[in-house]
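Colleague: Protein chains in written order, with numbering that gives the first Met the number 0: chain S, 0 to 223; chain B, 0 to 223.
One or more hints might be untrue.
Here are the simulated BS3-like pairs of lysine-lysine, each with C-alpha atoms no more than 27 Å apart in a straight line [stated by the list, open to error]:
{"id": "1", "chain 1": "S", "residue 1": "K6", "chain 2": "B", "residue 2": "K84"}
{"id": "2", "chain 1": "S", "residue 1": "K84", "chain 2": "S", "residue 2": "K14"}
{"id": "3", "chain 1": "B", "residue 1": "K163", "chain 2": "B", "residue 2": "K84"}
{"id": "4", "chain 1": "B", "residue 1": "K84", "chain 2": "S", "residue 2": "K160"}
Cβ-to-Cβ under 7 Å is the rule here; a few derived chain S residues that face chain B [stated by the list, open to error]:
{"id": "5", "residue": "D52"}
{"id": "6", "residue": "I56"}
{"id": "7", "residue": "Q70"}
{"id": "8", "residue": "L76"}
{"id": "9", "residue": "H172"}
{"id": "10", "residue": "M206"}
{"id": "11", "residue": "V207"}
{"id": "12", "residue": "V212"}
Just so you know, the hints here were simulated from the structure itself, not pulled from any lab data. Yeah, the Cβ is synthetic: ideal placement off N, Cα and C, and Gly gets one too.
Protein chains: 2
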Amino acid sequence: MTVHMQKEIENLKSKLLTLCAAVEKSLCLAVQSVRERDAALAKSVIDDDVHIDQTEIDVEEECLKILALHQPVAIDLRFIVTALKINNDLERIGDLAVNIAERSEFLAGQEPISVPFDFDAMAEKTQWMVTESLDSLVDMDCKRAHQVCAADDEVDALNRKMYKQVEATIVAHPRWTRGLLHLLSVSRHLERIADHATNIAEDVIYMVEGRIVRHKAEDYKSQS
Amino acid sequence: MTVHMQKEIENLKSKLLTLCAAVEKSLCLAVQSVRERDAALAKSVIDDDVHIDQTEIDVEEECLKILALHQPVAIDLRFIVTALKINNDLERIGDLAVNIAERSEFLAGQEPISVPFDFDAMAEKTQWMVTESLDSLVDMDCKRAHQVCAADDEVDALNRKMYKQVEATIVAHPRWTRGLLHLLSVSRHLERIADHATNIAEDVIYMVEGRIVRHKAEDYKSQS
């Protein structure tokens, strides 16, 4: 019975990792589509989201099956509950990558906007957070998870900076308003993705240390 | 044993309803603070979020305790898993109400902006969705839950309209840019709250009908 459950938990982990890989890829391509003004690439991100949605449903069903059939306790139970939550965060990162791709489709058809926007810095930091949060999950590595939580403030600061830059650019060039509002949305979506990566990292810490660190932003703020 | 578990599930329901009430109140006050340009009210929303965060942790611990001690199956298991997810959505609605309140604090200190903004319509529809989704949970009423899902497109449409209005107003009055960007954020936060209410309604449908309706927006789009 326990061996059987362990096998099913391994299957679940493998499905969750498939979802991780798909979400990372989707985010990477969405960011690339903005950078390269590539509407076709953006469309592929939007079209492929259906697979992410289906995998999320599969992972949840798998969790429910294990809970119902094997009634896990202790660390196994904590893993299943954490998997349910991380599954949710991953699916939402996928949705946000789609939102970025939608903005990218619009931006690709417009004249390029010259705004001193830290897009590369923000995109890279956010992608790093997603990758690190998922690696911390795979390796059950709390140290990396804590680093992800600490990085969230940096992305928040870049997003705030973006607001100021957009505001100044709009005042100087009102005709760019529409494009700039779309760019602002991209920045905001990245900031939300960073929040989800932080949620995942917090869940990893909870799973490994059994300690709830969410809602304790002050723990990290001092480090950033 | 089963009687004991049912009692604990009743306790869990009661805690979840406490959280529902706190989140509804927080949203209501945040919206009121924008409407009445009341920075003190906005501050009270921000300060009170700590109680919502604590209740969310309590509900999750309660869910884990029931899963570990009683190993529920069938409808009870589905209820616990749904409670875990709804708990998460409620806490995020609370965070978004705080985000609205933060914007409200800024807006209260600025000169009023005359934008033909459907703020009242959007705020009322979003609040209605939150209340209905929570009532559908309390009454296990799928009909109301489906109505919530159908309403999400209306809020999305109002948010898109808001973007266009803000864009046009910025082009006409660039000096209002900062205030308008804050108003745009409020609109976006409302739209995200509506998304979370939709998640809750979808989870209610899943719990009652055992049917996954999320990722099937087309089911509702035709109705709106």
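Colleague: Please write out, lowest number first, the hints stated earlier that are contradicted by the structure.
Modeller: 3, 4, 9, 10, 11, 12
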